[in-house]
Structures are given as structure tokens and as C-alpha cells.
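Trainee: Here is what each chain is made of, one letter per residue.
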Amino acid sequence: MSNRIFRARHAMGSTVRGPALVADDGFSARYDLDRINGVFSRPSHKLAGQSYVGKILVLDTAKGGVATAWMLHEMKSRGIVPLALVFNSVNPILAQGAALGDVSMLAGFDEDITAAIPNGAEVEVNPQMGVITVVG
Amino acid sequence: MNLDDEEKDILAGKAGPVPQQALRHQIKVGEFFGAEDLVPVTQAHLMADTESLGEAGVRWLEGLAATTAGQRRVRISTITDPRGTDFAKADLLGQTSAMLDLERRAIVAFEALGVAMTNTCINYQTIQAPTRNEHVAFGDTGVVIYSNSVCGARSNFEGGPSALAAGLTGRTPRYGFHLAEKRRATLRIQVAFTPTSLNDWGALGGVIGRIAGNYWSVPVIEGIEGAPKSDQLKHFGASMASFGSIALFHLVGLTPEAGQLSDVAATDLPSQRVTKADIEQLQRSYHSDEGVDVVVFSAPQLSLYELSDLAGLCDGRRFTVPMLAVTSPQVKPDADRMGYTARIEAAGGNVLSGMCFYQSYAREISEARGWKRLATNSAKLVNILGGYGYRPMLASMEACVDAAVSGRLARP
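Residue numbers (this note's numbering), protein chains in the order written: chain A, 1304 to 1439; chain F, 212 to 623.
There may be inaccurate statements among the hints.
Chain F is nowhere near these chain A residues, computed Cβ spacing over 12 Å in every case [what the hints assert, rightly or not]:
no.	residue
1	GLY1357
2	LEU1386
3	ASP1413
4	ASN1422
5	VAL1434
6	VAL1437
7	VAL1438
Once the Cα atoms are required to be at most 25 Å apart in a straight line, the calculated BS3-like pairs of lysine-lysine come out as [claimed, not checked]:
no.	chain 1	residue 1	chain 2	residue 2
8	A	LYS1349	F	LYS583
9	F	LYS239	A	LYS1379
10	F	LYS219	F	LYS239
11	A	LYS1379	A	LYS1349
12	F	LYS487	F	LYS440
13	F	LYS300	F	LYS583
Label-pair ranges, simulated between beta-carbon atoms [claimed, not checked]:
no.	chain 1	residue 1	chain 2	residue 2	range
14	F	ASP526	A	GLY1382	51 to 57 Å
15	F	ARG421	A	ALA1351	14 to 20 Å
16	A	GLN1353	F	GLU556	40 to 46 Å
17	A	VAL1356	F	GLN282	36 to 42 Å
18	A	GLY1382	F	ARG495	37 to 43 Å
To be clear, the hints were calculated from the coordinates, so they are not data collected in a lab. As the structure is a prediction and not an experimental result, all values here were calculated from the model. Each residue gets a CB set at the ideal place from its N, CA and C atoms; glycine is no exception.
Here chain A stands alone, though its shape is the one from the complex:
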């Protein structure tokens, strides 16, 4: 089904597969996460209280400051990290953090990716092809 494959204009990293954690909200590792326990901790975030570990995060855009550029690397070293980041748009910090932390990333879609991917769906992120596919 063609409507289950979504093409990104920007891509980085290697192919991963896992459950999607989806919200129409922003993302900053410093502002939004309890990085020790692996959950969204900002009370006003739409994913507050939910674990991001091993999830493919599907969100709207990058927020906040520059700390995420280091934090993804630190989170990856402890295995308390999202499997991939799939955003409508990202800022340089998120891309720099994904590059250092070796976290797969897609950004820039023709549709609102947070509306297109069902929360909890099994998805595959393929940066070489620049696509995210709903597989289950």
C-alpha cells in the first residue's frame, strides 16, 4: 500500500525497525526528558510519562537548546535512547546529535508525519532510501 510509505527529504543513519511513539509536539532532550529513567518528563508534553526507550519517535519539530547534540550520544552509551527520530522538521542540533550519537533520523515530509503514522504502529526507518514504512 503506497500510503504506508512516506518519503523524507533529509535522512541519516542505518535501517531500524520498531514501535512508533507518535505525538504532535516538539522535542528537546534537555527540556522534555528524564534521561535517567528514559521517559518524557516535561509535564506539558503530550508524551509526558511515556518511555521513549527503543521507540521510533515521530514528532513535529526540534525545540529548545543545543544540549541534545551531546545528549543523544550520552543516552546511546547507556542504551536509554530512542531507536530513531522521525520529524516534520529538525534543527541543526538534532542532526548534529544524531550524527555524533549514530541515531537514525528522517526529516521533511510532504504530509504531517505525526498524523500519517499511527501511534504504536510497527515501522521501519530506512535512511538509505529516505523512507519510513508502516509494516504492522
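Using the hints, position chain F against chain A.
Mentor: Just chain F now, with coordinates in the frame of chain A:
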């Protein structure tokens, strides 16, 4: 990406493994954003507090620093954002020896790489402001938005790894705000109220940041009366960058690229009005309690003028809850010399330097000291600290000082 001969040599490892690794990182990021080449930069500003770095980040830095001398030094002036502590005040913050040890290791590594430990997020006030069209690689979003907007310099948000890479190669990928076409306004904001207090300027920046919404948005703002001061635009920009991830704004008739609206904006740009009520609503939305556990002035670090104002408000007062004022290592000696530090401390306050509150293990500080309800005049700080378990509240410097005395914060 198109590389010149020197860049090809760096990529081939002829300058050693550290610049080679740095350039590989830059190419990865540059290709992600479609950069055609690299642009030479004159300064780098590096955010690398140890809470962000963690053990993994410090080990990574130590790996670079262990490289053969002569192959690991930065090529351009490379300075640091605030550290994760003020070693002289670590007990006050409840920081552990493990945190301080990690901090010391990071400093040793940075110094081996030739990085100057300026430890400031107000380098445009204290070290050297960039000039119009100067391409730089700055970290700390408040530094970038001020440098781009008020100085007319050209920088993207450069996180620690990328700012360090720029220091090591003397270049950065040419995309985003290095390109003239990306600096044109994408939305028009008409402001019906010109703030005076720093918290109101910060709240206005927050409102505009929320409207603008993402990094690639460039608001052009009309209606500001008079000429804002550097500290006012510091809070305005830092908050806009924090709430919206915004890296560039224009103030018509005030900032260097927007002598008039048509210099930066198309005639049909969508427009939105921001009123005093919007600014008040943002501040009221954070007022969750009347009690206060701690008062913090930080984010960005305070200028000498802010410390002077604060000292004036502290005269004759006696604080019943902890009050922290955080400044840069460049400003602190002057504040000491002018007697501002002594006047703040006579009231029971504390002046810290070289750190910033939210970059210093804020969650652990809260747990160690029992600080939850925090009053500040920094809109940026209230935006950040909710995720760290605080109930931050935004008020004027005067109201915050009153709260340090009474333990209660008047409703805005």
C-alpha cells in the same frame, strides 16, 4: 559536498585524525541539510556542560585530547559556554564529588585541544561581539540568536560537537543562516506593547517564539518603541530561541538587516499581532504557587548592569530563602570590585560565576536541596525547568527579590 584542496587533505588525514574526524562529522551534517560546501569561520563557541556530556562525552573528548600534540589544537578562537558548576559554590548546589571530577576531566581535555575556558553565554557582551556578515560557529541558542539578529553575524545553532569541529577545521557547513536567502523573514509580528522589564522582554520573546514555531522561521517584528538595551534584547532573544528554537529575528528600524520592512520581508507576508495581554498571560500561566523555595537569576548570565540593579534591590533586605545570581567569569571580578557581590551577599544572596543554573545538574540540585518552587525573571529558565521537576515562576527582578525576603511570590 564540494571540498577545496585543504579540506580534501584534512579528510585524507594529512592534518591528523582529530581534524579528520571533525570534518567527517561536518560533512555528515552538511549533507543532511544539503550544504554545497563549507564556509570559513572566525570564532567558535562551545556548549559542553558535563550534565550534557556525561561520562561518554567526557571520554570522547579525552580520546581527542590524547592525540599527538600538534594534531589536536583548534585553528580559530574557540571559547566555552558555561560549565556545570562554580567549584567555589558546589556545596551550596548540593553537587557531588563525582560531578566535580567529571567537570575537571572535561576542562583538562578542552585545554589540551586549545579551547579557551571562558565559560560564558554572554560572550557578545564580555568577550568579543561578532560583526555584520562575520561567519561564526556559535553554540548556546541565546548567543546565536543575539549574534545573528543584533550583530548581523551568520551562524546556525552549533551544538558542542559541531562547534568543536568548526574550531578544529576553521570551517562549518554552509547551510541555514549562513545563506542570505534563509535570513529573510517568514512571518511578520506587530507588537502593541514595548516592554521595559527583563521578564516582560523575555515573555514577549517567548510569545513570539511559540508563534514562530521552528528553527527555520524568521520573525520580523514591528512596533517596538525606542532603542532596546543589550540586556533587554538578551532576554528577548534567549527566550525566543528557547520557546521556539528560533535563531534569527529582525526588528524593523533597529537590527542591522532590517532598516525597513521591505529589506527583509515580502509584501504579502502573513502577520500576527501580539499584545500586552499575551505577555501577561504567558507569565500568569507559570504562577502555580505562592510559596517559593529558591530564587534564581540566571539564563543568560547576568551583566554588570543587571548585578548593579540587583545589588540596589538587596540593600537593607534579609533573605529567608536561598537566592542565587549567576554571572560570567569576566563580569564577576568587576562585580566584586564594585561592591555588588558584597551587597548581594550581605542580604543573604549568592553570586556564582562560570555556570548557568539549568546546565548544572538542575534535577540533582532540586533533589539535594529540596528546591521545587523557583522564582526567576528569566523566561528562558521557566521554559526549561519544568522538565527537570521544578515549578518555575516568572516575575520581575523586584518581585523575585521580595520573594527571597518573604518566601512568597506576588501573583503577576
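Trainee: Hint by hint, note whether the structure agrees.
Mentor: How the hints compare with the structure:
Once the 12 Å rule is applied to beta carbons, GLY1357(A) is consistent with being away from chain F; the minimum gap is 18 Å. No Cβ of chain F comes within 12 Å of the Cβ of LEU1386(A); the nearest lies about 18 Å off, and the non-interface call holds. Listed as outside the interface, ASP1413(A) is consistent with that label: its C-beta sits roughly 16 Å from the nearest C-beta of chain F, beyond the 12 Å cut-off. For ASN1422(A), the shortest C-beta to C-beta distance to chain F comes to about 21 Å, beyond the 12 Å cut-off, and the non-interface label holds.
Interface exclusion of VAL1434(A) from chain F stands, the closest Cβ pair being 16 Å apart, more than 12 Å. Non-interface status of VAL1437(A) relative to chain F is upheld: no Cβ of that chain comes within 12 Å, the nearest being about 24 Å off. Every C-beta of chain F lies more than 12 Å from that of VAL1438(A), the closest at about 25 Å, which supports listing it as non-interface. Restraint check: the Cα-Cα separation between LYS1349(A) and LYS583(F) comes to about 22 Å, which is no more than 25 Å; the hinted pair holds.
This hinted pair checks out: LYS239(F) and LYS1379(A) have alpha carbons roughly 18 Å apart, not beyond 25 Å. Distance hint between LYS219(F) and LYS239(F) is fulfilled; the C-alpha atoms sit about 15 Å from each other, no more than 25 Å. Distance restraint check for LYS1379(A) and LYS1349(A): the Cα-Cα separation of roughly 23 Å lies within the 25 Å cut-off, and the hinted pair is therefore satisfied. Restraint check for LYS487(F) and LYS440(F): the C-alpha separation of about 19 Å stays at or below 25 Å, so the hint holds.
Pair hint LYS300(F) plus LYS583(F) holds up; C-alpha atoms about 19 Å apart against a cutoff of 25 Å. Look at ASP526(F) against GLY1382(A): about 53 Å separates their beta carbons, and that is inside 51 to 57 Å. The hinted window of 14 to 20 Å between ARG421(F) and ALA1351(A) holds, with their beta carbons roughly 18 Å apart. Hint check: GLN1353(A) to GLU556(F), Cβ distance near 44 Å, so the stated range 40 to 46 Å holds.
Look at VAL1356(A) against GLN282(F): about 38 Å separates their beta carbons, and that is inside 36 to 42 Å. The beta-carbon spacing between GLY1382(A) and ARG495(F), approximately 41 Å, falls within the hinted interval of 37 to 43 Å.
Hint compliance for this structure: every hint is met.
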